[in-house]
Amino acid sequence: MTPRAQIAGVPVVDRPVEDVPVLESDMRSRSAGDQPDPEAMVTFDRVSVRFGTTEALRGVTGAVRRGEWVGLIGANGAGKTTLLRALAQLERYQGLVRVDGQPVNALARRRRAQLMAYVPQAPELPADMTVIDYTLLGRTPHHGYFGLDTEEDRVHCGRLLEQLDLAAEAGRTLSTLSGGEVQRVVLARALAQDAPVLLLDEATSALDLGRRVDALEIVDHLRQERGLTVISALHDLTLAGQFVDRLMLMAEGGIVASGPPARVLREDTLSAYYGTPVRVVVTEDGDTVVVPRRTRLPHPGISTDEPEPTGGRR
Amino acid sequence: MLPRQVAARRPILVAVLILMASIVVGVTVGPVGISVGDVAGTFLAHIPLLHFHTRTSALDQAIIWQLRMPRVVLAGLVGAMLASGGAAYQGVFRNPLADPYLLGVAAGAGLGATLVIVSGNDTSVILPAAAFAGAVLAVTMTYSVGAAGGRRTSGRSIVLAGVAVAALLTAFQTYLQQQHSQQIQQIYNWILGSLSVASWSDVTLILPYVVISAVVLLSHRRILDVFRVGEDEAGALGIHPERARLIIVAAATLGTAAAVSVSGLIGFVGIIVPHTVRLTTNASYRVVMPVSMIGGAAFLVLADLVARTVEAPAEVPIGVVTACIGAPFFLFVLVSRRAQQGVL
Chain A
1 MTPRAQIAGV PVVDRPVEDV PVLESDMRSR SAGDQPDPEA MVTFDRVSVR
51 FGTTEALRGV TGAVRRGEWV GLIGANGAGK TTLLRALAQL ERYQGLVRVD
101 GQPVNALARR RRAQLMAYVP QAPELPADMT VIDYTLLGRT PHHGYFGLDT
151 EEDRVHCGRL LEQLDLAAEA GRTLSTLSGG EVQRVVLARA LAQDAPVLLL
201 DEATSALDLG RRVDALEIVD HLRQERGLTV ISALHDLTLA GQFVDRLMLM
251 AEGGIVASGP PARVLREDTL SAYYGTPVRV VVTEDGDTVV VPRRTRLPHP
301 GISTDEPEPT GGRR
Chain X
1 MLPRQVAARR PILVAVLILM ASIVVGVTVG PVGISVGDVA GTFLAHIPLL
51 HFHTRTSALD QAIIWQLRMP RVVLAGLVGA MLASGGAAYQ GVFRNPLADP
101 YLLGVAAGAG LGATLVIVSG NDTSVILPAA AFAGAVLAVT MTYSVGAAGG
151 RRTSGRSIVL AGVAVAALLT AFQTYLQQQH SQQIQQIYNW ILGSLSVASW
201 SDVTLILPYV VISAVVLLSH RRILDVFRVG EDEAGALGIH PERARLIIVA
251 AATLGTAAAV SVSGLIGFVG IIVPHTVRLT TNASYRVVMP VSMIGGAAFL
301 VLADLVARTV EAPAEVPIGV VTACIGAPFF LFVLVSRRAQ QGVL
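In order, the protein sequence lines correspond to chains A and X.
The letter at position 66 of the first sequence is residue 66 when you use this note's numbering, and the numbering goes up by one with no holes.
The letter at position 250 of the second sequence is residue 250 when you use this note's numbering, and the numbering goes up by one with no holes.
Derived from the structure by calculation, the hints contain no laboratory data.
Heads up, a few of these hints could be off.
[To be verified] Label-pair restraints from in silico Cβ distances: (1) X:R156 to A:H221: 36 to 46 Å; (2) X:V16 to A:Q94: 52 to 62 Å; (3) X:A164 to A:D245: 35 to 45 Å; (4) A:A106 to X:R156: 28 to 38 Å; (5) X:T309 to A:R92: 56 to 66 Å; (6) X:E242 to A:E162: 34 to 44 Å; (7) A:S175 to X:R156: 20 to 30 Å; (8) X:R10 to A:T176: 20 to 30 Å; (9) A:S175 to X:V29: 50 to 60 Å; (10) X:L59 to A:S175: 51 to 61 Å.
Built from N, CA and C at the ideal position, the CB exists for glycine as well.
Input sequences plus hints: build the corresponding full structure.
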């Protein structure tokens, strides 16, 4: 266990933590950004995003293999959402993003939406829209501009809802759903796009523990069944460690560490980048558990060494 | 089994039946008593190639065909445009309070009309053109200011620009009106709206704009559903939100401007009709758009009927009628639906 004083002294660095290995695919895309790696489904090369004078993403480079699940972790404001939005082409960025070898910004919007489905942190949920209508919106990239939903679309979405255990909810409006159901409906809409890449911004934080695991299980199941490539921002580090193939730790708009969960989830790294001391425990099953620890900052005027004087009653 | 995705057919059928009934009532009822048979006969007599001969007198035929029919048809077109324009604006700006006048159509048309009236010209020809031009210019101004500065603009800045442009143009209009106090009555009559001088030439004047607007708005009904999840997510679903918004706003503006140029500023239709459709049928634009269009037509035909009969031979401004009938009816729908669902 590291004493608190020492953790607080770890400087926030802007480069990869040295002994965390950067994967080979990362290296390749880094050395030859113009040569698409045939194994990589999503590559991003020196992607930068600015909001006014703030640099939200500082030339981030990385690659995600076909069928891989990469989790983005890091403190609030580290750039997870911005990276996902840039990949989804919802932010203006500098740099190059390729999906399946094709530079994405050169593709038509409809084609992009056929390749990538994006689920935002707080999806817009029209209260009076029904579950099936909402799911059908996911078919938009497969329609012409004036196209309407076909019977095929309906069958397709109906099957998806069945798979996500929502068939009975198809006619209900979104405002009547529980948090867990909403989560699955949003996922259903994204899956209706039939895109090989799924970009998920942390959306499980509002769910209870069980529903959170359920949501990740569903993603994992679908990923294996459909061979999806998943990039998701995650806040629950313990769960992240159990589900994803690889973690990218972000800080101040850059990726500071990337590798298998066991290598990235380390006490010194996490404590430094999350700004709070954590303990990392490995269970007998081999799961990595991240335990945040309370910082007992001494309050001015209250000494913790001496018991506070109790009232004069005793 | 899945429920029908959007059962659009039945609400559309009901709306069409209501519209047909209101057209028949609108043509039949008036100061001169005319029977439904006379109306039917006159209709058939005007269908080319049918060579139908009616026994209705020439005078009654003229009343039906030259006075009442154009008025009913014009009311229908204006109502259809105001209601579908309101639905389109509500969809594209995701604002339930949006009405077709949101981006300055009313203020622009009002200024155009006032300019013509105070200039003392013959108003019958120039006034519709000036009102139309004023409306289109106002929205163009709003849009170019609101959408300026950045590739990705949000609907909100356009709505705010609309508020400012409307305030500016209304200020000019009010100033002109105060400077020409002898014409205030005439200006005020126009602003409250009226279909009393409707003729077939008015119908043919606005018909092209109405048809274009209706076709564009109806063909965007699914896109409007995609807009309901916000511009960001619409973009991620493969839509170009800025482009789609521009097309929809342009179509709605064209239709609304054409409507107000011949009818004056009839209020309220664009808000209550689409919301009544949403509350009673389905919130999907696949239903809201066509049913608002047909229902708006029926609503204005009936409102005009009330406007010209309740104080006959004098006329009540149709804008007063739409508010007087529309507001209580809308409140009734609102309260009864809320009681039914327990939520809103």
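- Message: Of the numbered hints stated earlier in the document, which are not met by this structure?
- Response: The structure breaks hints 3, 9; every other hint is satisfied.
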